[in-house]
Each structure stands twice: as C-alpha cells, then as structure tokens.
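If you read the sequences in order, they're chains H and P.
Residue 80 in the numbering used here is what sits at position 80 of the first sequence, and the numbering runs on without skipping anything.
One gets the numbering used here by counting positions in the second sequence from 1 and adding 142 to each.
Each hint can be trusted.
Partial selection, computed: residues in chain P whose CB lies under 8 angstroms from chain H:
{"#": "1", "residue": "A392"}
{"#": "2", "residue": "A403"}
{"#": "3", "residue": "T442"}
If you are wondering where the hints come from, they were derived from the structure by calculation, not from laboratory data.
Just so you know, these numbers come straight off a predicted model, no measurement behind them.
Ideal Cβ placement from N, Cα and C applies to all residues, glycine included.
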Amino acid sequence: MDTMLWPTVRALDAAAGTGWGGLWSVMFTAQRAVGALVQVTSFAEGLDLIWLGEELRAACDDVATRHPVAVAEAIAADLGPLPGLEHCASGRVVVAGLVGSVICRADELLVADPTGPDARWLAGTTSLLFAARIHLSAAGAR
Amino acid sequence: MTGITYADLLATAGHHLTTGALQVRQRPFDRPGEARTALQDFHAVLDAIETHTWTLLGPSRLAGISPATRTQPVAAQAIAMVGGLRELVGAERPHPSTLDLADRPWAQGALQVRGASDLLAVHLDARGRQRSPHAATIGDPAARDGALIRLAGHLDTLLATESTLGLRALQAGLSTVEVTRALPGLDTNRAFASHLARNPGQSGSAALDRLRLIGEPLRTEDPVLLAGDLIHRLRQSTWALGAHPDYSVATLSDLATASLAIHVHAAATRGANLTHNPPTVPKDAAALLARAAIWRDLRTDLAEYQAPGPPDPHIRADVITLRDLLPHLAPLTGTSPTDPRTTDLLHAAVGATEEIATTAADAFRRLAASGHVRIQGRHLTTDQLGTNPTLITAHVTGTTTPAPPVRCRATTNLWSAAAGHADLRFTPVEQTIAATHRRTDPAHVLTRTPLEPSTR
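For reference, chain P alone in the conformation it holds in the complex (with noise of 0.2 angstroms):
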C-alpha cells in the first residue's frame, strides 16, 4: 500500500480504537480467552501510543520538560500523559503485542500508531540526520504539539474504556489479580491525556499531516497519483543532491525541465493556450507563464555549463514520464483538465517545484564552489571576463574554462527567481540584456567566414 500519511495512519487508527471500544461497551466476553485477548491489546496501544509520543519528542527533549513547564505546556503534559505506562506494558522489544497482528480493532488500531512511528523514524537516520526534505517538519514545535493533542484524544479514547473493560474481564472469569495487574487505574495518565485533548489553540499541522514514506513504489494505475509520486519523488532526489552530489549540470537541467514543465501544464490548468507564440493567457495563468519563462532561462542558461557528472539516471527516468504525463492531464491547449485533480495536484506541485530550486541552488552553488564546473570561454561576456588573461585567452581560443564566480552567480540569481525570492539587481531581465550582449559579441558568432543566408 503506498501513498498513505502520517495523518491517514492516525486517523484510521482512531477509527479502529473507537470501534474497539464500542464492542467492549456492547458485548460481554464469551469467554476468558477473549478477554485475555483484549487485555492483550489494550496493553498494545498503550504501548504504541507511548512509543509514539517519545518518537515526537525525542528522547533529547527529556531534559528540563516536566508537567510543570511553563514553556512547552503540550510536551510536559504529554510525558505526564504516557508517564509509568512503559512499566506497566513493558519494556520488552519486539513488543509481544507487535508478534499478533490478528484483525481485531485494537491490536489494528496499535498496528497504525506503530506505522505512524515507523513513518516518523524513516527521515531521521541512526545519528538524528535528516533523511528527506520533510525531516524538518518533524522538529517543528507548532506541528509535534499538534500530533500530541491528536495522539492524546486516541489515549483518552482507550483509557475511558478502562473500567468498561476491567467489569468485563471479571464477568469473563479473569481473577481480580489477574485484572487489576493488567488495569491498574490509569485515572493519570488519563487525566492528562483528556486534557490535552481539549487543548484548544494548537491544530495538527497540514505539512507533518502529508508526511509519507520515503521510496516508496509509483501507484502507476492512477495517472494522477502517479504524477503526484513522481513530483514527490523529485523533490526527494533533489534533496538528496544535498548530501550526495552527483557532479552533473544535467541533473540540474533536468529539474529545471521538470519544473518547466509542471509550471506550463498548471499554467494550461487556468486556460492558458499555449500552443503557439504568443500564448493565450488569463489573467491569473499569467504568473505561471512569467515563472515557467523564468525556468525556460534557467535551462538555456545551464546549458552553457559543462560539468563531469553524467545525468543522474533516475532522476532523468522519472522527468520524461512526468513529461510523458502531463500533456495527458492537462493539455496545452488549455482545455479543462478531465480530472479535476489534476488542477489540485499541479497547484501543490508548483509549490514544490519553490523547495526544488532552492535546493537545485544550492547544489550547484557547491558545484561551482568545487571547481568541476566548466564554460566554453567564447559564451563569457565582456563584463565576465573583466581583466581575467586565463578567461580572455579561453574566449579568444574557444577553450574551456572553470566557470568564473560572477558568471555562476548570474546562474543562481535564475535559481533564486526561479525559487520566487530573487534579488531584484539580477532579474531575469538582466539575463536578457546578457544573451542580447552575447548575440552582437563578434566571437560568439560564427561571421568570421561569409556565409550565405539561411534558404526559406
């Protein structure tokens, strides 16, 4: 199964506690098994729910947080709210609740706070790292009190069943030892839970919400749930150009590309006919299309870069079946998109195309920093090569050269406006006056030699 969040993990999991707790209500145990059983699980989300808050806060946080902390209320009351309950579950691993994934609600309902956990651990690795571009909404204060406030509504779920279930377990024949070593009175924790619970202020956040797995496989039955992972898994290769550099001008390319392409069929998605120069633009496509312009500069601009990574494979696959996709989604003729999904998707996938570009920059800001980047001497300006003799000779000759700082910075001022936070003394104007300069550099041209006119 692929495509789930960490806010359907939780949410199906709340579905499967409420259910568990309505049969409890409902229905006596047949017989002493059965409610063995339900012990069994009940003790299975209790330790799926304290395993998940420390996962929130991160044993790290343990230092200075008490119920009496002032300065952050929701974590000390969630410690308070999972406080003992590992002593009385157990702090065997394997859990041996985690050994029974029979179909009951309560042991499901475990089985997705535990899938919740799972999720969270994925983007951090074994040293607390970051793992994906989304890692960082895990550290955010504002979306671990909100994931807090929903877990604690589940624990209060299941603790209100508590003397419900303890009533039943006797009828069932359990002895009172047997019970009550089982279900001491948890009135705390549940105190707590309850509280926080109704800890008005503070929502879930919408990014941690959309948290998903990382590599998890494409869903190629749904064209646009296919898109939405491709962009998804984009954004995750870019991120990873962090911290794995690949060398390659061509992989930023090929971004830029994705990214043209996602901001031109979005563009299309508002009616934009862009089949023909000049387009047919509505007036609120037309922000798209200076963007998209922008991401087209970007790419000429690249071009002119040599660097001896080679394309990265996967990255380059996943580009050409998202351009493969979306003339399919959204045509450019600027016809309605026949899903209207697609509209949603594209709008998101522009916001994510911003994440690419600052993370594209800053891969290639270490590339150029690196030395490995490499220009064609003739296609530097005069204002480029100032008084440099080495690029001087590189543009007399037509030799390659490393990319001097001030033409790799006109390159990242693309990527910031491409980003939408550009600095306004390098728009993409001034790369326009560039290539205009470029285009009456006799060296750039190849005029030396009388040529005939182009036949027509």
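Bound-form chain H, shown alone (with noise of 0.2 angstroms):
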C-alpha cells in the first residue's frame, strides 16, 4: 500500500489561509493530525496526546460556534494515518509546528482586535494550549 508522508507545517500554514478561517483551519489539521498520533505511538505516549487534542478539539468547536461563516468556507485538511511508527517523531514535529502556528495565528487576531468580543476567549485558548503543548512534549520525552 502506498503511505503518503505528512507535508511540512509551512506549507500546512500557508494553504490554510487567513484570519479566522485559517486559525480554524490550522487547529482542525492539527487535531486530526494529534489523533492520526495517537493511532501509532506507544499506549504511554497516546494517554499524553489524546488531552492535547482535546484541547484542538474544544478550541475548534468554540471557533466554529463563534465564526460559522469563515468556518464553512475554511479548509478541512486531514493529513491522515501516518504511514509507520518509524514516522512518530518527524509526525509530532509537524503537530509541534500546527500548535505553534495556531498559537500565532490567535496573538496576531489578539493583536489586531484586543478590545473585541473575542479577545478573552483568544487569550483564554492561547494559554490552554500553551499548556496542552506539554503533552507533546511529556509524549516525546518518553
């Protein structure tokens, strides 16, 4: 069967495109990404990872109950299994790089509205997954 490797996540963040439907966009990628992890790390690694993803997850729902429009229009890339174990430290390179990227992206939104009715809720998120983030290292440091 053919596997297919995971793309970089610079290129994962430049196709995700802008604003709020590219935060979305990053955290729908990243969380499936997490979950593709989960499937093919250690049992040890994946009890660290699955919390990561809930975090994704809860963000993404919260993104798509307040921005439904930029949402819809957003794009849904799921990278998929990941084709071996021999993949599982380069994958948790790229949800590294997504988690970053989606913690960017919610400053710069942060930045370019700091009085909005989003601000709190990006603040808010920004620090969750800062702290969700040390899942992913917990699970690498294994």
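Combine the two chains into a complex, taking the hints into account.
Next comes the structure, spelled out in structure tokens:
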C-alpha cells in the first residue's frame, strides 16, 4: 500500500488561509494529526497526546460557534494516518509546529482586535494550548 | 464516613446486636431506667428490621404473597417474620427510637439497619424510578432473598434474648404489665425468622452487598480508594446521561478516554510495558490491550463528530484526576504496583467500563437520533455517502452535515465491541479498513496543492 508522508508545517500554514477561517483550519489539521499520532504511538504516549487533541477539539468547536461563516469556507485538511511507527518523531514535529502556528495565529487575531468580543477567548485559548503542548513534550520525552 | 456498603452496614448491625444480646445475658440492670432503655432499644431494632424488610420487599409486592405462597417462599416467610411488629412498636414517624442516638449496642444496631434502608431508598426516586445503575440490583429477586435471609438472622439473634430481657426487666423492678406490654412473646416471629435464617441455598448477592450511597465525597486520603471512588462516580455519571442527556460527544469521548486509561493501566499491572510501540505484552495482558485498542479506535472515531453540548465538567474533572492518579498506582513500564490493592481495583474497573460502554452507547444512539450530531462531509467514506446528494455536496464542499445513520452505526458497533459484545459483522478490523479507505481518498487529504515533504 502506498504511504504518504505528512507535509511540512510551513506548507500547511500557507495553505490554511488567514483570519478566523485560517485559525480553524490549522487547529482542525492539528487536531486530526494528533488523533493520527495517538493511533500509532505507544499507549503511554497516546494517553498524553489525547489531552492535547481534546484542547484542540474544544477550540475548534468554539471557533465554529463564534465564526460559522468563516469556518464554513475554511479548508478542512486531514493529513491522514501516519505511514508507520518510524514516522512518529516527524509526526510529532509536525504537530508541534501546527500547535505553534495556532498560538501565533491566535496572538495575531488578538493584537488585531485586543478589545473585541473574542479577545478574552483568544487569550484563554492561547494559554490552554501552551499548557496542552506540554503533553506533546511529555510524549516526546519518553 | 464514605465508602460504606450495604454489606458493611448489615455486618456492623449484626455485631451490635450480638454484643447487646450478650450484655443482657451477662449482666443484670442496676436501675429500672436502664431496663426501660433496653426495652426501648429492643423496639428500635424491631422497628428498623420491620422497615428494612418492607424496603426490600416493596409495598407493591404484598399482593398475592402469604406465608403459604410457594412461588416466593422467602418473601412470604419474611412477611410472616415481621408480622405484627408494627402494631407492637408503633407506627409513629419518625419512630421515637430514632431520636436517641446513644452509644448502646442495640441502639447502634438499629441505626445501622435504618442506614441500610436509607441506602436502598436513595437508589430509587419517589415514583420508584431508578436513580443509579445499581438500582436494578435491589429489584433482583435473588439479591432480595439473600438480604432477607441475612436480616432474618439478625431478627433471630434479637428475639432469642426476648425472655432473658423480660426476666432482667422484672429483676430491675419493672411491673409485669409493663414488661408484658413491651415483650408480648414474639415466638411466632422468631420461628419464621429462625427458619428463614437457616434457609440453605440462598446467599447474599455480591452486587447488593457492594451497594453504596450516591454522590458520596471522594476519599482523597488514599489514592487507591480515590481511584475507586472516581470510577464509581464515572459509572454513576454515565448512567445519569440516560436520564439527562447533555448532547455532547465530548463527554462520551472523555468516558472513552477514561476506559482506555483503565485498560492500559490494568494491562500494566499484569506486566505489560507500554512505553514503546509495539509494547511488551505478557499473555494474560493481551486481551486487555486488545480491548484498549478498541477504546482508542473509539476515541479516534468520536473525534470526527461535532455536537452542540460542551463536555460535562464534572466527568471531565474526574477523568483528568483519574488520568493523573493511575500512572502512580500502576506505572506503564509494567513494574508491579506498589499497592497490591491496585490490581483488584483495576480488574473491577475493567468490568465497570463494560457497563459504561453499554450505557454510553445508548446515549450516543439517542444523540444521533436527535440529529444534533454533525460530521465533516470529508470524513464520510464512499460507502457512507451512497447516492445521497446532501452528503455528496457536503463531502465535496467540506461543510458539516448531520451524521448519516450508516456512519453512526459504525460508532455504535465500536461501543458494542468496547462493551465486549461486538457484532462480529462490524469488528474493529472494519474500522481499520475504513480508515485505510479514507487515507486513499483524495478529497480527504490536502494534496491538491503540491506540498513539500516534511523535513526530518
């Protein structure tokens, strides 16, 4: 069976677009990538990564509720399963990059409108994702 | 005090009743007041046992049951053993004895039996509807008969002291009228109780014995007990989703996560080293890991759904606490748990997850039927799309659509597999095949724009 390597974060980030749709798109891809990573890593790593996926999933749902029009037009890119166990480390790098991209995009949206109705949510989500990224680091440290 | 079970209450009650009976036999009363107090405590126990008998039987069961009934002999004899006790001790509520909580054996014994009645009562609401996943145990005839037999033993122990108590009361100076009024001769009751207590072939139900209160505070002082309490509470919370659905797939996902963790750590207690992939798996941990893989598939499957409800904060908090706790109790390196109770705890917890799977599957089915569950069109496979134009449009445009029944059925079958009664036509293997199918689906992967391969 043909296997497909995951693309780089830079390419995914560029393809995702801008604004709220872009934020959702990267978060969605990151969430799906975490799910794929959970499926191939060890159970111990998977249990750590699950919580990162949960935070991303909750953030995705929140954005979809707050900006349904932008999300409806956003790209929903799923990288698919990882080709094999040997790609776990590179998959982790992609996920780390995607989460970093999500945090940067959220910060940009916050800077663009620091007193808007989404400011508090953006600040809270960024903090949560910073914390959730620890699970990725913990998984990588094993 | 928490963690008290039905069996604990009745065992403690039995201990108090025996102690009280011994005291009456071994030592005369010093004053008439002491004798009156003993008579009052004697009545308190009779009242508690009578009330508990009817709590077990349920008033609705009275019709058609008589001491001659052969179809339900235990219930019939139980009714006979408490016959006339209410007239003797009085029907006043609250019973006067419940207002005196002094530290005397019979008073304490009555308190324990009343506690057992209350314990059973909290599992049913005022209309008799179940309030917990354990409520069905109370209505189980075999469990009920076992409890009645044990209760008959307690009544037999108490009534065996009736004549001694009467003599001691007369020695203390009470009048014959007063003693006879309090102790009219309960030989008939004792005969039924004694006969019932020696009933062979009936034993207490383990499920009923384990019955606990609903909503107890967690025992945070002991990590093993805390983990047990958390699992107990998750089981209760899952069951409550049946009566109060929260329209949240995230909650179901949290439950799947907890079940996954329980299976993984249970496998670790049997020596499985799960810190690398593929794991080192001893033979007797293989089944647990196979089930853990199903829970993991289920989590991944649920991640595709969207539903309006946020995750239940209480369930999530419990799952997170459990997640933090289990690695300390049963490290995933496969080293033996430092606390030997952990193995038993996780073994029992695995059983609880099967119940969680069954209940959560019902919640998911109901949620799916409500139309509140949506899915990204791109997550649907060709088979799931069929010829439905709405689904095909959603698949092409990447919008969300209500999850079609065929997609939900795949999830339901994963729940069944997690519960241990999988429909073999839909094994996790099929899920794997479906995942493979999705992998090669070009609309599902961002490949329309040429992308450079990841750098490593």
